[in-house]
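Asker: Listed below, chain by chain, are the residues.
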Amino acid sequence: MHDDRDIIKAIRRQPEQGFRQLLQRYQQPVYWYARRMVVAHADAQDVMQETFIRVFRSFGQYDESQPLNAWLFRIATNEALRLLGKRKGLAELSLDDTSEDLFDLKADEYVDYGNVEAVQLQKAILSLPAKQQIAFNLRYYDELSYEAIAQIMDSTEANVKANYHYAKEKIVNCLKTND
Amino acid sequence: MENDLEKMSNTMPYTVPEGFFDEMEERLMQEVAPKKSKSKARNVVLWTSLAVAASLALLLVLRQGWHRSDEASFEQVEMAFNQLSDSDQQLMLELFDEMDELDNY
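Residue numbers (the numbering used here), protein chains in the order written: chain A, 1 to 179; chain B, 1 to 105.
Only chain A is shown next, with the shape it has when bound in the complex:
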């Protein structure tokens, strides 16, 4: 697997070859990140596709002082929020939207409802407001640093930590009530 520096160099030298390396490294993490937010497979596919096309077309604007994965996940977050906003009739869903149950584990061909524990966990995550959900997913599943998550969410590390801990507490409580 290529590391981020090699990928950046490759994209600068030979865009197509570098882009393939980027896809091989980040296609799955971006898809699963989007999938946890938008739930339906087709929607996650759209988010992933739009994210990578945007990344390829705007790579000239990428600031190498920030980590590649933070830039990529930031674009994926914006694309996912745009898609979720459309569902609500908005141009884009705001990260500051504090309403809960924005998302739902609706019926989808590619969900294994037999995996009861995993379904419960996803339902609990989906019941959180956007900020807590994103902070939790990026930390818990993608194991990103608080610093990287803060860059993705355009926030501070302290704020991300607070959101992550609130999220964790709510999820644990939610799982308890379902026991």
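Hints are computed from structural coordinates only; laboratory data are not their basis.
Heads up, the beta-carbon is just placed ideally off N, CA and C, and yes, glycines get one too.
Watch out, some of these pointers could steer you wrong.
Restraint ranges, calculated between C-beta atoms of paired labels, are given here [what the hints assert, rightly or not]:
{"id": "1", "chain 1": "A", "residue 1": "62", "chain 2": "B", "residue 2": "29", "range": "16 to 22 Å"}
{"id": "2", "chain 1": "B", "residue 1": "32", "chain 2": "A", "residue 2": "161", "range": "36 to 42 Å"}
{"id": "3", "chain 1": "A", "residue 1": "9", "chain 2": "B", "residue 2": "33", "range": "27 to 33 Å"}
{"id": "4", "chain 1": "B", "residue 1": "51", "chain 2": "A", "residue 2": "65", "range": "16 to 22 Å"}
{"id": "5", "chain 1": "A", "residue 1": "110", "chain 2": "B", "residue 2": "29", "range": "20 to 26 Å"}
{"id": "6", "chain 1": "B", "residue 1": "31", "chain 2": "A", "residue 2": "86", "range": "31 to 37 Å"}
{"id": "7", "chain 1": "A", "residue 1": "113", "chain 2": "B", "residue 2": "32", "range": "32 to 38 Å"}
{"id": "8", "chain 1": "B", "residue 1": "31", "chain 2": "A", "residue 2": "117", "range": "34 to 40 Å"}
{"id": "9", "chain 1": "A", "residue 1": "67", "chain 2": "B", "residue 2": "34", "range": "55 to 61 Å"}
For this one, chain A is given, so just place chain B on it according to the hints.
Answerer: Quick look at chain B alone, frame taken from chain A:
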């Protein structure tokens, strides 16, 4: 209870169709690949056709001993065509087909 959450790490109920990521990688690569413009393709076909036509004309002239004729008969063109190698004949036929397709586009 936090330990319970940690024990569940990375379990997700979501799945994807078989071969999905390979297919997406190829689709995305096609999406960003530079597209060949039609006029460029047409120019390549035209220049190649002209080169082959010039070779054919030269061949005709050399075979006929540089004598003038008002118009090359169909037989003369056919004779010249028959003297081309199999691969050149194939190339000529393909070029005519491509020219035809471009004209019909």
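Asker: If you check each hint against the structure, which ones fail?
Answerer: Hint check: 3, 4, 6, 9 fail, others pass.
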